[in-house]
Each structure stands twice: as structure tokens, then as C-alpha cells.
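The listed protein sequences correspond, in order, to chains A and B.
Throughout the first sequence, residue numbering follows numbering that gives the first Met the number 0, covering 0 to 341 in sequence.
Throughout the second sequence, residue numbering follows numbering that gives the first Met the number 0, covering 0 to 525 in sequence.
No lab work stands behind these hints, which were simulated from the structure alone.
Computed from a predicted structure; not experimentally measured.
Please note: incorrect hints may appear among the correct ones.
[Said to hold, decoys possible] Pairs of lysine to aspartate or glutamate residues, derived as EDC-like cross-links and limited to a Cα-Cα distance of at most 16 Å, are as follows: (1) B/K465 to A/D36; (2) A/K158 to B/E180; (3) B/K15 to A/E246; (4) B/K48 to B/E180; (5) A/K306 to B/D5; (6) B/K460 to A/E302; (7) B/K449 to A/D237; (8) B/K465 to A/E319; (9) A/K158 to B/E464; (10) B/K460 to A/E246; (11) B/K15 to A/D237; (12) A/K158 to B/D5; (13) A/K197 to A/D216; (14) B/K465 to A/E213; (15) B/K460 to A/E319.
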Amino acid sequence: MKLITFTNKGIYCPRGKFYIDPWRPVDFAVITHGHADHARWGMKKYLCHHFTKPILHQRISPDIVCQSVEYGEAININGVKVSFHPAGHIIGSAQIRLEYKGYVSVISGDYKVQEDGLSTPFELVRCNEFVSESTFGLPIYNWLEVDDLNKRLQSWVLKNKENGKTSVFVGYSLGKAQRIMKAVEELGKIHVHYSIGKLNEAFETVGIDLPEYEIPDFRESVKHLLGEIVIVPPALLDSNVIKKIPEAATAICSGWMQVRGARRWRSADAGFPMSDHADWKGLLQAIKATEAEIVHVTHGQTEVFSKYLNEIGIKADVVETLYGNDDEEAEAEIPETQKEQP
Amino acid sequence: MKHFADLINALESTNKTNAKIDAIIDYLERAPDEDKVWFIALFTGKRPKRNVNTNYMKEWALEITGLPFWLFQESYSSVGDLGETISLILPAPTQKIDRSLTEWMTDILHLKQKTDAEKKEFVLSSWDGLDYTERLIFNKLLGGSFRIGVSDKTLINALTKFSGQESSALMHSLMGKWQPEDASFRELISAENINPDNSKPYPFCLAYPLEKDLHDLGSPDEWLVEYKWDGIRGQIIRRNDEVFIWSRGEELVTPQFPEIEEAVKAMKGNFVIDGEILAVSNGKVLNFNELQKRLNRKTLTKKMQSEIPVEVFAYDLLELENNDLREKPISARRAMLEELLLNQAPGNITLSQTVDFGEWKNLNLIREGSRDINSEGLMLKHKDSPYHSGRKKGDWWKWKINPLTIDAVLIYAQKGSGRRSAYYTDYTFAVKNGESLVTIAKAYSGLTDKEIMEVSRFVNKNAIEKFGPVRTVKAELVFEIAFEGIGFSNRHKSGVALRFPRILRWRKDKTVNEIDDLEEIKKLIQ
Chain A
0 MKLITFTNKG IYCPRGKFYI DPWRPVDFAV ITHGHADHAR WGMKKYLCHH FTKPILHQRI
60 SPDIVCQSVE YGEAININGV KVSFHPAGHI IGSAQIRLEY KGYVSVISGD YKVQEDGLST
120 PFELVRCNEF VSESTFGLPI YNWLEVDDLN KRLQSWVLKN KENGKTSVFV GYSLGKAQRI
180 MKAVEELGKI HVHYSIGKLN EAFETVGIDL PEYEIPDFRE SVKHLLGEIV IVPPALLDSN
240 VIKKIPEAAT AICSGWMQVR GARRWRSADA GFPMSDHADW KGLLQAIKAT EAEIVHVTHG
300 QTEVFSKYLN EIGIKADVVE TLYGNDDEEA EAEIPETQKE QP
Chain B
0 MKHFADLINA LESTNKTNAK IDAIIDYLER APDEDKVWFI ALFTGKRPKR NVNTNYMKEW
60 ALEITGLPFW LFQESYSSVG DLGETISLIL PAPTQKIDRS LTEWMTDILH LKQKTDAEKK
120 EFVLSSWDGL DYTERLIFNK LLGGSFRIGV SDKTLINALT KFSGQESSAL MHSLMGKWQP
180 EDASFRELIS AENINPDNSK PYPFCLAYPL EKDLHDLGSP DEWLVEYKWD GIRGQIIRRN
240 DEVFIWSRGE ELVTPQFPEI EEAVKAMKGN FVIDGEILAV SNGKVLNFNE LQKRLNRKTL
300 TKKMQSEIPV EVFAYDLLEL ENNDLREKPI SARRAMLEEL LLNQAPGNIT LSQTVDFGEW
360 KNLNLIREGS RDINSEGLML KHKDSPYHSG RKKGDWWKWK INPLTIDAVL IYAQKGSGRR
420 SAYYTDYTFA VKNGESLVTI AKAYSGLTDK EIMEVSRFVN KNAIEKFGPV RTVKAELVFE
480 IAFEGIGFSN RHKSGVALRF PRILRWRKDK TVNEIDDLEE IKKLIQ
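Extracted from the complex, chain A is given alone in its bound form (with noise of 0.2 Å):
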């Protein structure tokens, strides 16, 4: 009996009978992090990593039975021995590690080797069978070091503090959100909005430091908002919520700006090439260093990739998921035009 089987569910471990981020509801499902692609609603019971706990309780609900583990953390599921591992994508997520009879199947999630300062770095985990994304699977994409970003988006606030601007970043409010508030903490006040507040809320009851923010209503007058800096989710880009901020300045947070014409294609005034997948290197770094026998690559450039990997001596094939369809993976997102606080 294989270890892990790809069904029309999800990633399924039939020895443990449990499920890995199904995308239908199950009996059992471990959830690498708290993404709405990789976390959704249904499950009768919940196994995540202790900071993804509360994520879930705040996008599923409150009455969900979950129960989360410490990374490193062994426990057994109807023999088979599993264990959480940093995967460095966002706050929580988590590579499973599944060991049955010296036999070990990673599945990773989503996954980024680079560190951004905020979440556990992601953990090298050597493995038979290796299961990875491609979200960013072509050699365009590398990454500027994370201080190198940094300092771009930082003059980049500063020069339009200077312009008497207001700095309006647009990025996921689950982890994108917070590596921005990071990264500009020094230079003035941040106003998130209600969305992100609410995620980083999640986070500070499980003892997570963010740096201070404010979350203004939007329903009121901003006008004070005037120079700061303001951190807000892609469905609000192009809409009425952005239209109020007074002289905003609007910059994009995503891998994909790494690319020209993505850059242009958007009506924002600054597009930063920050993600929290891996690039074209650390995806190949990752793999090559689990020294895993067969590579299934879920999502993103999954043909492209997984035909490279066979032609470097790395067995891989594509699996059908139906992960990729949230946050920066989903590369035509459509701006909805606005959302209002509830």
C-alpha cells in the first residue's frame, strides 16, 4: 500500500486514513497552513501547527475541532508517524512529514526557503517521496534578498513621505500583510485594514509580536491618513476604499511583479517583487536536498517544472490539486470592487 494517494479529495494517507489540505469535506485533514486553497471549511476534525489554530478558527469558524502540535512535534495516526516541519511560507505553515516502516512522504505545501524575518524558517527534510509546489517554477523568478526589498519598499515610503504621499501597499492579508508591516515598521504609522487586523489579531493570541498598527474604518473620513502608510488586501485594489485615501501612492506586493509586463498590466504606481513561494533556485535547492526518489508537483508551472526535473535526473510527475487558487498563486485575480467592513 502506497503511503500517500492522490484522490479527487485531496492527498490522501490511506494507512493513517486521513487527508492532507482536502479540498472536499473528510473525515480528517491535516492542514499545512492557514491559506483558503489549502484550509477550507467542513472538515469534522482539524491537525495544524499551533500558530495556524487560531487562523483557522477566524476564516472557518469558531466551533471547528482542531487540534495543533508544535513543529518537530511526532505523533501517531493509526501507526503512521507524523510530524510538522517549517515549510518558511507564512506564519504556521508547515511541511507533513509522514514515516510509516522507514518509508517518509513530505508533502509541503506551499513553501519558501528564503527567510523574511518573520516566519520559522523552513526546514530541510530529507524524504523519499517529496511533494511540491511550482507556483514560481521558471528561472525568471529569484528573488532579491530579503534586505535588498526591504530597503526598496522603504525608499520607496520615504520618497513619497517626501512627496507628501500617502504609501498604499496592496498585499495578501495572510502573510504578505505582515512580512510589509515588517519591513516599514521604522518609518511611521501603518493602518492596516479590517481584514488584515483581524489575521493579525489571530496571531498576537498565540503570543506572535507584529509591529503597531492602527485599523482605520473606512467608512468614516481618512483624510488623516494623509503620509502614513497603509497596508490593504488585492480586492481592494482599483476600488472606492483606495480612491479615498488622500493622495495615495499604490504598490503592488507580489513574485509576480518580478516581470515587466505584470507591472505595467496593473494600474498600481510601484509593483515590489515580494512572495512567499520559493523561487526558481530555492525550489530546486529544496528538492535536490530532500534527496527524494520521485517529486509530485501540484501546482503552478507543474509541466514546465516537473519536465525540467526529469531531464536533471529527478524523477517527478504532475498531480492534479486544485490548490493555487488563493492568494498569489491565483495569477488573474480579479479585483472585486469593493468590499466593505462588516
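With chain A fixed as given, assemble chain B onto it according to the hints.
Leaving out everything else, chain B in the frame of chain A:
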């Protein structure tokens, strides 16, 4: 090159014309004069000849990175720009080269005398000393097109704001024959080497689409009716033996039509004519597609000139012997135009024909027939109308033919280039052919950015083939395609060719079962 890189960054990060103008002014205030000359040269298409073959550049990049060719092609199809693809896949630089734009351009010009090995050494060491943005600019400077979303007009506006010089004088000065190696910024801007009065154009008079019943226009006798032609609307100026052709976008396009320049030069007197530049062969106006083939080329070959001959259909006379005629009624201007052309008309400048129609009720039939002569409808001008500046309601109307439409289904999608490279923007459509589908048209425009994103998302999810730039998709999305004409064609699989196909709208209300059938479409052919 830092100033220049900052400028490119600033220009790219906005689509607001005013912000672009500000960025250019900011650059002009900081950059040394010799760099400014190069900047103007690069942005007005005065580029030195490419001295390094792009295939070599690709080869060297693969050599450095060790990537397979097919993966480079995949990357290229995702980026949509060769210079940028190379700049992104190369490893991070190990040194820092800091030189001015002029220094770079001088070196690049000198490559001409170098051997391939020397060129390679120069390119590789430059790549290793520049960061991503600078590398991209360097690759572009090596000779690729420098398309950055700044029109000549925007550039001229920025220079006008910076220097206080009049825009038509600047356009005239910059269009002249000068070399970036030995021109001076001050001379270019002061326009001291030219006589700007000779080239100054008038604002074009424009028409609104007809929005009322013909009978409400009054008596047919009061109206002058002409065919509406689809070419390049232009002002042809002859003053003091100099000839200038301005396009409606207020760009000097004289070098693109040397045969017209020559013909007008051979005429006598001083005048300004408003007319349409059209491709005309044996007295028949050709499709705009034909004219388009010879537009915006760096060099216009004799072959092209003889294959696609151009003519001016003259509509109006705005100035004669330094007298501004614009306040006179068009009936009078037209009489003077007729006289001017009667006495000395060269073969390729002809009077635009007027349409005799008698009563209003005859006009619609005439309009519908305009498709047959490659005209796009009719122009109605009140005989007493002056030549207005810009668009004014009431005196001039355009009455275009209605486009033909069909419903077709999307079957192939390809990513765009430049600004559109992240999304699937180029589509191929099919119609029913019995039980199967047959491709009928390709179309690029007509959707909003939001719709393009939505289609891209569909393509990502429903792609059947996943390699290369083209995606075959599930036949599901139905679009209404408009086109100006249709004819039989044995070069097309369907046996028909559509003229100017474009997406009119996305028919979300229709399914693939409701699309048109090829046999029915063929019945549209007259």
C-alpha cells in the same frame, strides 16, 4: 546610468501621462546635457544600428545559465520580451559598473568594428556588472526596440514644459536630420537650426457620429457629403519650399510618405491641405491593412513603395499664401482647393469625391454601398461650416456603416507582449462547421482589463495543451465578433476571411451550441 534607470522605472510604474511627463522633466533636470541628447534619440527612434545579434545574446545567456533551450523559450513566452528574459535568468551580478548613458552608447557604437569574441566579452562583462533593471536597459540599448509607453507627443509635451519652447517647433526640430553623437541639447531645444513657422500645423477639425434623423438636418442642398476613408488623416503643409506631413496624432510623419513629400515639393505656392493618406492601386482604395504594412518602418524600401502606392484624398484647404482660411465656409474653401489642384495637381493628390444624392432617402443606400469601395461610410459637412478646432457638434457628422457580427467560441489563447505579457490577450475563435468547429478569426482587442483577467483565469484552468505560447482551451466561452467586411479566401481553413475582426462583447448568456454556422456566415458574402 542611474538617472536613466530611475527614469525608466518611473515611466514604467505609471500609466498616467502627467506622471510620465513629470518623470521626464525630473530626468532632464538631473541628467547631463550629452545624456539628454541620447535620451531624446532613443525615445524618438534614432537608434544606432544593432551590432550584436540577438541569437548570440540568447546563446550566451544559455551558456552562462546552463538552461536548456526549450526552458528559455517557455520563459520567453511568459515574459514576452527577449532582453528582459535574458536579464531575469542571468545570475546576480558580481561587480558594479557605473557609467553614464553617453559612455554606454559610445561603447555600443564602437562595437561595430569589434570581432564577435570582443563583442561577447563586452556583453558578458556588462551583464555581470549591472543589476536586473540596468541589465534590461543595457539589452535594450544594444539595439532592441525601446518601447516604453511614451509617445512622441508625450515626449514633446515634457520637453515643451521643461524648455518653454513651442511644441510644433520642437517636433520639427527633433524630426530633423541630426546625429546624437554630435548634436547639442541646447540647439535641439532652441530649434535654432530650423524655421518653426514653416511647419506649424492647425488643430484638426473632427466630427461626431450622426445621432439624429437625416431629415432633421434640414435641406439636402445645405450639405456636402463625402465618403469617409479609413487611412491616415493628415495635414499636408507646403510653406517656403518646405513640406511637412502631420498626422492627426500631431506627429510629423513626412519621412513615411516620401512620394507625397516629393510631389508636394514639386508644386508651387504655399498652402495647408487637410486630407486622408490612403493606399490606392489602379484607382481603387486598398484595405487599411495594406497601408499599415508600410507605416512606422525604420526604412521604407522602394519595393514597398511600388507595391503599396499611397495617395492623398484632399478634403479641405486651411491656408493659402499665408492666409488662414478656416473661418470661411467650407463651400468657399473647397472651391479654392479645387482651383489649387486643378492647376497643378500631381497624380497622387486628388480631390476627395463628393456624393450626389438628391434626396435624404437615397443616402442610406449609398452609405451601405461604401463597403464595396473600402470606405467606412459617409461624412456630412454643412456647407456654411468653418474649420473648427477639434470636435464641435452640429456642423460635421460622420455616418459609418454598421459592422457585421457573428457569435464564435474561443478555442486558442496566447499571451500578449509588453504590458499584456502576463495575461492571455490574443484569441482565436471558431464557428460551427457541421458537427465540428473551424477557426474563423483572430482578435486582440475589445475586452476590458477585468475581462481579460477573467478569460486568463479560464485559460489557466482549461488549457488542453500546456507547452509553448499557445493554449488550446475547452470550447466554452462565446464572444460576439464584429468585422467590417467578409470575402472568400483560400488562404483560410474556413474558406472565408473577415476584415478587421474585433471582439464586440463577451456573450456570457450564450453557450457553444448557440454559435454561428459557417454555411450561414458564407451567405453574408455579397
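Against the structure, the hints come out as follows:
1. Straight-line distance between C-alpha atoms of B/K465 and A/D36 comes to about 23 Å, which puts the hinted pair past the 16 Å bound.
2. The straight-line distance between the Cα atoms of A/K158 and B/E180 is roughly 35 Å, outside the 16 Å bound, and the hint therefore fails.
3. With a CA separation close to 14 Å, the supplied pair B/K15 and A/E246 stays within the 16 Å bound.
4. At most 16 Å may separate the alpha-carbon atoms for a hinted pair to count; B/K48 and B/E180 meet this at roughly 14 Å.
5. This hinted pair does not check out: A/K306 and B/D5 have alpha carbons roughly 38 Å apart, beyond 16 Å.
6. Of the pairs offered as hints, the one joining B/K460 and A/E302 holds, with about 13 Å between alpha carbons and a cut-off of 16 Å not exceeded.
7. Between B/K449 and A/D237, the direct Cα distance comes to roughly 11 Å. Compliance with the 16 Å bound is thereby established for this hinted pair.
8. Proposed proximity of B/K465 and A/E319 is supported: the alpha carbons are some 13 Å apart, at most 16 Å.
9. As the CA atoms of A/K158 and B/E464 are separated by approximately 46 Å, the hinted pair breaks the 16 Å bound.
10. For the hint linking B/K460 to A/E246, the alpha-carbon distance of about 38 Å lies beyond 16 Å, and the restraint is violated.
11. For the proposed pair B/K15 and A/D237, the alpha carbon gap of about 14 Å is at most 16 Å, so the pair holds.
12. Restraint check: the Cα-Cα separation between A/K158 and B/D5 comes to about 13 Å, which is no more than 16 Å; the hinted pair holds.
13. Straight-line distance between C-alpha atoms of A/K197 and A/D216 comes to about 13 Å, which keeps the hinted pair within the 16 Å bound.
14. A hinted pair counts as satisfied when its Cα atoms are at most 16 Å apart, and B/K465 with A/E213 does not qualify at roughly 45 Å.
15. A threshold of 16 Å between alpha carbons decides the hint, and for B/K460 with A/E319 the separation of about 11 Å falls inside it, so the pair holds.
In summary, the numbered hints that this structure violates are 1, 2, 5, 9, 10, 14.
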